[in-house]
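Chemist: Residue numbers (our numbering), protein chains in the order written: chain G, 2 to 375; chain W, 2 to 375.
Because identical chains cannot be distinguished in the list, a pair is counted as satisfied if it fits within a single copy or across any two copies.
Calculated pairs, DSSO-like style, for lysine-lysine (alpha carbon to alpha carbon, straight line, at most 30 Å): (1) Lys276 - Lys75; (2) Lys233 - Lys350; (3) Lys353 - Lys233; (4) Lys233 - Lys345; (5) Lys261 - Lys276.
Since the hints were derived computationally from the structure, they do not count as laboratory data.
Residues per chain are reported as follows:
There are 2 protein chains.
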Amino acid sequence: MTKKNNFDRRTFLTRASIGGASAAAAATLAAPAIAQEAPTVNWRLTSSFPPSLDTIYGGANTLSEMVSECTDGKFNIQVFAAGEIVPGLQAVDAAMDNTVEMAHTVGYYYWGKDPVWAVASAIPFALSARAHNAWLYHGGGQDLYNKFLEPQGLISHPGGNTGTQMGGWFRNEVNTVADLEGLKFRVGGFAGRILEKLGVVPQQLAGGELYAALERGTIDAVEWVGPYDDEKLGFLQVAPYYYYPGYWEGGPSVHFFMNKSAHDDLPEHYRNVLKHCCRAADADMLQKYDYLNPTALQNLVDDGAQLRQFSQEIMEASYNAANEVYAELEGTNEAFNEMWGSIKEFREKWYKYLQTAEATYDGFMMWQQGQGNL
Amino acid sequence: MTKKNNFDRRTFLTRASIGGASAAAAATLAAPAIAQEAPTVNWRLTSSFPPSLDTIYGGANTLSEMVSECTDGKFNIQVFAAGEIVPGLQAVDAAMDNTVEMAHTVGYYYWGKDPVWAVASAIPFALSARAHNAWLYHGGGQDLYNKFLEPQGLISHPGGNTGTQMGGWFRNEVNTVADLEGLKFRVGGFAGRILEKLGVVPQQLAGGELYAALERGTIDAVEWVGPYDDEKLGFLQVAPYYYYPGYWEGGPSVHFFMNKSAHDDLPEHYRNVLKHCCRAADADMLQKYDYLNPTALQNLVDDGAQLRQFSQEIMEASYNAANEVYAELEGTNEAFNEMWGSIKEFREKWYKYLQTAEATYDGFMMWQQGQGNL
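Pulled out of the complex, with its shape left as it was, chain G reads as follows:
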């Protein structure tokens, strides 16, 4: 983003904020749907991400363009980066209180409010992307999520998926559970609660501080996203061991969260445009990651990244630790129990099914790749 754009945006913000409520919301109220078939509607969306992440931040721009294109430019969603209106991790709060009509963020950032926030995005050892989307759209997942969100004044649509993430950058190799003892690991919220059971000391640092902290050894490891996003960060210079898989994010969904009142005030066909364009933008993000990640991974390896697979010992211990945490929550949190129970029922069927056509096809093709035959 250029300086000029930043300046213009902030000027707009000042104007839009006059009177407390956003000018965009006021404009919506002034043009009731009944009086005008295709009213001009201006919404604001706050993202949890910086514009440098063109995939995950870009998902909101993709949606905005699609919605505008479908309504002949009449339904406009202006996208603001993290920090322009509110800090990145307060995006849903801004949508809840109608500071903005919409947020683009990941549910698990808000697990501190309630772990249920995380379940529809990603919790450790849940579903990978295709199965997660099957569950969200056809297994009742989104209905359960929106049932949970409605009393909080929100409604959501899935808004992107990164695919299975990488496990992150480590200064030293970790081979056993004993190697995790005292490991200072920058890792997202809910996953940290589970890794703590294995002796990991989760760290919360802002993105800008990570490189220096890794270089000095203030922290031992950092997980971020996948190769395409990670390539931009340069961590391999200071933490060259690049582990996989990020088993706490097998197929995390990003979501669009709308203020429920603002959403319900839209003309019906605008609500539908929003819903179907969210679905298209949701698919687009994974397709974009899937196209970009393979080349980025090759670049990282060419530049010296040392690929390492987490050991079976670490994976199994983490799986058991996750199940301990889930068992506690199932006994105390009814909404968690319902949603996680729904995922678990499908997960058992999915991973049995996957062993037939899908995994044997990909397995054969990976074998051919290994033989140098592709």
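Assemble the complex: chain G is given as a structure, and chain W must be docked to it using the hints.
Modeler: Showing chain W alone in chain G's frame:
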């Protein structure tokens, strides 16, 4: 579909066909985009599938509903099953000559016109669904396909994916390449050309004749789609060996093919509604299959289906046979060479990348499933 609906549809057809060109096309022409912001547009879509296949046929209904919902009911796409307007395998011809504005079908049905038709849907040992979509939308695949289709008066959007298909129902086990010699196998077009090299005798039979032919032994095997669609057919009673993977369809795309002139006559925002809703419907089909297939596979096994994995010998021989056919085409068909070359370049990177986070995550979860721990 009820009899009542059938009757109404045929009455409509008679009326709509008056004057040679479709009434829908005439209506579009009579209401230029410039004069009316949101004109009423009525399109007809012919599907290659019967309504009993609620997933793959249902994709056209899903699109039709989405488009109508986004345009306040003004852009209507009426869906006709295979045989209602033209036979299923003539769907693209009907869109080419503007008998209908749109077809919903699979490119490889038309490989006899030119093998390039098949490449953007599925050819043996190409990409599985996620990678295929990454290539179509972000790797230039759709652009290449539309460049090929434009001189034929068509433009396309992806319109669904089934995931890796099953290999089909066999009366007897096949373990070696020798077992394929003389095997009368009902298998889709382009794959048949490759399997012929291994001694298979491809069969073309209409869907309604398959059960009796299998029962009498007139044919030895049938491939169809995947568990959810296959469950409806009852083949396990007469051909109980259910093979995987269907390596000739690792992740086949269904497409929406539009008559290019009818498409270009649409107001711009209707073209965008169509494009983005196609993308949402495209994603929806795979999500629906992915949710339904695991339960259907379990049902089939419970009912007596004998799951069998194709042997490494058969897979390798088929892979080599496919490469022989591709080498011939690369030397003689420039458009094939360009499109297949683009896929191959991405395929090598994808199957290397897949071995890191994605496959190890799913592999661990499949291992836990095998241990009874999910």
